[in-house]
Structure formats: structure tokens, C-alpha cells
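Use these hints to put chains B and C onto chain A, whose structure you have.
The chain contents come next:
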Amino acid sequence: MLLGLATPSILTIIAIIMIPLGWLFYLSFIGKGGEFSLENYQRMIEYKSYFRVYIITFEVSILTTLVCILIGYPLAYFLSQLPQRFAGFFMLTVLLPFWTSLLVRTYAWLVLLQKKGLLNEFAMQIGLWETPIKLVHNMTGTLIGMAHIMLPFLVLPLYGAMRRIEPEMMQAAANLGAKPVHAFWKIFFPMSLPGMVAGSLIVFVLCLGFYVTPAVLGGGRVVMVATQITAILENQFNWGAASALGVVLLLATLVILFIAGRILKLDNVLFGRS
Amino acid sequence: MQDKNNVVEYSKALPISIRGLTKRYGSLYALNSIDLDVSSGEFLTLLGPSGSGKTTLLMAIAGFNRPDSGSIRFGDSEMILAPPHKREVGMVFQNYALFPHMTVAENIGFPLKLRKIGSKECQQRVDEALSTVQLLNLGDRRIDQLSGGQKQRVALARAFVFSPRILLMDEPLSALDKKLREQMQIELKQLHRKLGVTTVYVTHDQREALTMSDRIAVINEGKFEQIDSPEFIYNKPANSFVADFIGESTMLPVKKKTSGDLFFQDILISSGYSNSSQEEWLLVIRPERLFLVEKNNLDSDQNIIFEGVIKEFVYQGETAFALIALSDQHSLSIRFSTDSSGSRDNMRPGESLKIGLKRSEVIIIPENSN
Amino acid sequence: MGFWKKPASETQITHADRLWLYIVALVIMLLLVIPSVIVVPMSFSDSQYLEFPPSNWSLRWYEEYFGSAKWMQSTITSLHIGMLTMLLSTPLGTMAAYALYVSGHPASKAIFVFLITPMIVPVILIAIGTFYVFGRVGLNNSIGGLVLAHTSLATPLVMIIITAALRTYDLNQERVARSLGASRLKAFFLITLPQIRFSILTAALLSFLTSFDEVIISIFISGGVNSTLTKQMFSALRDFIDPTIAAISTIMVFISTALLLTTQFIDIHQREK
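Residue numbers (this note's numbering), protein chains in the order written: chain A, 610 to 883; chain B, 17 to 386; chain C, 497 to 769.
No wet-lab data here; the hints were simulated from the structure.
None of these values were measured; they are calculated from a predicted model.
A hint or two may mislead.
Stated by the list, open to error - Only pairs whose alpha carbons sit at most 27 Å apart, straight line, appear in this in silico DSSO-like list of lysine-lysine: (1) B/K374 to B/K273; (2) B/K374 to B/K272; (3) B/K129 to C/K682; (4) A/K795 to C/K502.
Same shape as in the complex, but just chain A (with noise of 0.2 Å):
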């Protein structure tokens, strides 16, 4: 039967994500003394410092979303509105991060950010501020960070969806008596919409899970959920708490997707059965 052809896959599937998920989620109802407990799962309740990580976690993921929908949605649109060819070329931008190692990149702009860094120098050649602003080991530098790895992420389905637009829909606009920006607001960015939900419910699902950008840009302040775990097992070597942690990670990622899966039939988008 040619379904048999995805056996190997789904094997490696089960072998290698299901069964250490599975086994996760067991060792989160197992105590300190190795009897079943929820101990794991009412310490995130009851110690604020649990708790906060999740805030924060939250908080990175939404402002990271934020700033890649101000800085991708003009450069997708900036992109979808040039000829084929060209756009191919500029795309290579998008790209070149995108395929760029992530520890390259999250390298280069510890080197941008830092105080004597390009950046602070050039702003304050051009007068932007005075003195060297911190940047980097903060949230800051976090949010840089994780925008810029981000990014390709919510532009291409951004782009593919304004892509999709057909020029007759704009032409129908003005001839219809619509003003540029009329046609702009009211037919291309509802039209474009679709694309810029899916990415960006991308982009803030995988902030959940980010690891090594915070890790490194943060300097130990921005302590996110997979930090936390790392901290967890390397400094307590506990397993129940670590794997609590994660479950409820995965399930926050679940439910979101679900959710949103629910509204926008979230599987045309991202598989483009267009």
C-alpha cells in the first residue's frame, strides 16, 4: 500500500518526539519522593518566581510578534509590489538571515549592540542620544535579537498572501472611486490579512519555546520558560519540576495554535491549498 512509503517517518516520529514527550509528561505527575504528585505543578502556582517566567515569556513572544508585524509587514508590501524579478533579488535579504546559523546572528548583534558598539556609535554620531544607551543583556537586546531571527517568518507568508492579490482587485478600487490610500486600507491590508495572521502566529509560537537568543542577549535578565528548564535541570537535576514546566509550555502552544487553527483554518495557510 503506498501509505507504507511514510512508515520510516512516522516510526522516526514516535521513536524520537512521541515517546520522550509521552515520558515527560509522566515524570511531570511524578514527586521529589517518586510517587505520583501534582507537587510539580503546584509549585508553578504557588512560587511567584514560576509564575513570572511564564510573564515573561509571554511578554518576549508578544513584543516580538509586535515588532516583526511594524518592520515586516512594509518590507513584505515593499516586496509584493515589485516585479517578479526584482523581488526575487531583494528577497535574498529575507533570506540570507534566514539560512544565516542562529548563533551567527545572535553573535553579530552582541557585537552591534554592546556599548561601543556600531550601533551606539552611530547614533550618536548622527545625534540620536549622548551617551552609549545599554542594549544588549537586557530585554532590549532580547527583542533585537529575537525580531531579527523572527522575521523571515511572518514576511514570506506575509508576502505570499499580498502576492495572491490580484492588481484587478486595486484597479476595481480607483475605478470604483476609492482614494489610493482608501483602496490601500479598505481591499489590499484585509486582503493581506490572512497572510499576516498565520505568520505571525508563527513568529509567537516559536518565541514560546526560544532558548539560545534570550540566553545569550539576555545576560541572565530575560528568563524565559526554556531557560528556566535548562536552569532547572542543570543547577537541581529536577525532572518532575523541568518537565511540569514544559507540559505546560507545549499545552500554552497547543491551545494557541488550536485556537487559531479554529478561526482561520490555519492549515490553508500555512499548506497554501490556495
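Below, chains B and C alone, put in the same frame as chain A:
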């Protein structure tokens, strides 16, 4: 099993015999216990609207879907379980499905290479096939350098070059424009005569079916409505579906009176139905069989005469067409040939007139027969 | 009529009216590219510290990198794992994509969603989960374990790329080949494969890069002589910023750029066909 050394002659066509073929998708019957015999060398057309099951049937013959039950025999061999590549059936697809990474000659040579035919003979047979479809010098062309009609011919050549005993075509002309399509219909017919291969042809175009076929199998909702020669299908439709689907027609309801005669309103249409329990019948009228009654002395024993008012008159070049209201509910279409005088002053909307139909042209089918 | 006076949109906005958009887009694109480019001059700096532009130039960080057994060992490990991941995930993902797309089975969609879960599940969970389970079966710190983990990350990518390719491909071609006497396997290799080969190549390159660049899982389940390059880089970045990283980064940027340009070239080539 195929014997590699035995090159089958074009003329060695095989009959197809299908019994009780059923294919369901969920609760929907794509094919509902179908029987069909295609005789050796025949050109049979499966004609039906989209979703009627015609393509499902063709794919079942080619081996691309596995029916739930039934039998498909080519000659004496049962094929229902044979994979497509063991069936020795040439197939032409709607969109040609030419291989874009191969040249014209490579496309046509593909089935020969698979049969391990030596390159010299292969070359010779490809050339032969190319000349049959009148593309002799285009063997080295890339597929994207061909016009629609040329692609069509390559697809054809590829389907018959390995001398299959059966040829299947799935709406092969639907992508061509009208003129080319009509030209290809004639060419296909000639090609079929030359190859003598049993051919099953799928189309939804009734005119194409009438033009090309030895027999037409009209299929609807997974069942055959009628299988007959084009003339029979046109002149003796078995039911209202066939009458409606093939050619233009107007259907008028006719009622049986106690005498056993059929009447439309108070016009006698036909007699001799006293033995039938059916009360409601339909009179099928082909527009071109109607004529304008200009004399008053027309013999009503030989002709039915309708009176009506012109609602619409349309000039279409070689013919003209008028819609005639007989009453508030019923109207008739009439089609007649035009002449160079061009003036039909009496054909203005609102004019009343008489139209006749020869009693020998009357087609009666039972109501709800479908 | 000059460029700026020409209409730039269907609503007849001129290029001059759009100047602001061009400037904004240009700045954004600059910001996008700079981090990938800046590491190149950094790597030729003579200084211990992160200074830009460098005051003195040298090749010392390259010497450091190529002279260090630790860096060399981990680079070879990463290349090794990347290659194996590519060789495993490309056929796996292609087979799955083909099976799910061509069969049109009612369960295809559900299986597809199941197979892309590795892209949805936060990687940190995959990392600690495999760390725990691999620990039990002795796969931690082994090449095999990491290849398996990376394969499950890369396979969905391959699958998505190949599915997209199959969508633009006319499957009737395979049908026709089969009616002409080719078995399903032959039809795939003679007809389908040659036409999706560029997508397969792209998928292969991307799956190599997915493994080569992967950080989190590597941090957890690689170690000892089988530590990956990314694991070494991450600890070097977090603890003390070793300028050798600039040299390594430069090399990695060149690899990425080369792979990216290859795929772009493939893409253009494919469209021209």
C-alpha cells in the same frame, strides 16, 4: 504476461467485456454494477456530464482505480487485478501528460524502451508513429516548443506506438480551440480506422461523441442510460435524460386518453398505446425537424401542426433559430436553414404562425422514465 | 518621463509618492543583512575585544580555529552529523510526501499534521525529552543519537518542500508512464524524480543546514568527543566571548550563503524550464 519478442500488429485488437462493475466512494456510487461490451476494433464513446462516472470507468479499464466488485476482461483474460503497466493499454490524457524533461522522440520512444526494443527498431517505430500523426520532423523538439495541437498528436503517437490492443482517451480534445478540435476529431477517426484498435473515448461533448463513435454509451450517475449507434441515440433516445443530453430538443408532455391515443393539449400526437399502463408521456422534438407551415392544405394525417406566437428570433449564420410560445406554459424551439435573401419579415416577435412536424419524426418516451 | 513620475501601483501612485516606502524598506533590509555580514571584518581583527571597526588586522583567529583540536573535532562532528541527517531525512521526507500526496487517502491530512509536529513542539522539549530517553538507551553523546534527533527535525521540512513540488507537478504523467508499461517504481524514478530533483536538492541542503545549525538539542545530547560545533560555540558565547567565534561565524556565513545561492540558482533554473 507480455512476450517481448512478439510485436503485436496494430490490427490485433481485443474486445473488452465488463460485468457488474461497481465502485463506491463512501455512500456514493461512481459506478453502479455496470455491464459493457466493446467489440474488437470498435470506437466506443463514454458520454456523460461531469461526475457521471465516465472517467472512473475509464480509469478502471486502465487500472488506475480498483473497483469494489465486478469483472473487466480483455479478450479472454481477466484484468481486474492487473496493475496498469501489465495491461498493454494505450492512454491519452486530457492534459496530454507529456514528459517535459524528454524530447518528442524520447516521449514516444518511452514505451518502446520499457519493452527493451532495440534502438534501431525503436527509432524506426518512433518515426513511423511521428509520420502517422504528421509530425515527422519534430522528433528533436522539446515539449514546451509545441503548439496545443502538436502536443495532442505526440500524446496520441506515444499511446499507440507500442501497438496496444486497446486505446483509451480521456477528453483528449477538450483543451483545443473549436476549429482545431473539429479538425482533430476527423483525424482521430481516420487514425482509428487505420490502426483498427479497440478504442474507448471519454467526452462530455455530445457533438464530438456523435461525430466520432461507432457506438455511444450514455452514462449518468454511475449507470448507463443507453448504448447505441449515434443515429439511434439521436433518433430513438431511450429516455428524457438521453433526449435532453444529446442534441437540442424540446419536450412536451402528452397524456393518454381512454382511446389509447396520446394528446398534447387537444392535438393528437400518436396512437396505439392502449396496452400500456403508462399515462404520462413526453414528445421529444428536435428543432431542425420542425418546419414552417406556409400552405393551409397540409395533410394532418401525415403531419402534426402546432400554432404559436414567436417570442424570440435569432440569426446564427448557417441556421436561424426561433422560440415559439404554444401556450403560457409551453414553447417550442425551431431551427431552419437560412438563405442569402436574408429577409424573414414574418419572423418578428409577436407574429403568430403554424409549425409542422412529420408524424414519422415523432419521438415518444415515457415520462419519469429516468 | 522620469522614473519618479511613473506610476508605481494600480492606483497610479507614483514612485515619488512611494519614496518613504523605499527608504523604510531599504533600512529594514540593511538591518536584516548587517548581522550576517559584520562578522566578516570582525574575524580579521587583531584585538581580544569586540571592537568595530577593528584597529588592527590579522589572521590570528583563523589560526586559532584551525589550530585548535577542540574546534576541529567539533567541526568534523557537525559536518558528519549534518551529512548523515541529510542522507536520512531526504529520502524519508520524500517518501512520506509522495505517499501522502499521491495516495489521496482520507488519513493523509491527519498523518501530515502528525509528521510536522516536530516543527510545532518547542525544541527545548524535544531536547530534554530525547536527553532523558537517550540516556536510558545509551544514545547520549553519540553520533547516532544526534542524527536521529536531527532527522526528526529535518524530515518535516523535506516533506513540506516535496509536497509543494508535487503540487505543481502533473501526476497524470506518472499514470501515463504506467499505462505505457512502467511499474510504479519505474514511473517514479524515470518520470517524477527527474522533474522534482531540484526540490529534492533544495530539501537536502536545507536538512543539512538544519542539523549543522541546530543548537539546543546538541547542547543536551552531544558531548565529549562528539560535541557539535554549535555546542562549543554556545558555551563560548555564553561564558566568555572568544573572538575565534568571529572566524567560525565567517566560515559558517560563507557556507550558508553558498547553499542559499545554490537553491536560488536552482529555483531560477527550474522556473525557466
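Hints, verified against the model:
no. : hint             : result
1   : B/K374 to B/K273 : 22 Å, holds
2   : B/K374 to B/K272 : 20 Å, holds
3   : B/K129 to C/K682 : 12 Å, holds
4   : A/K795 to C/K502 : 24 Å, holds
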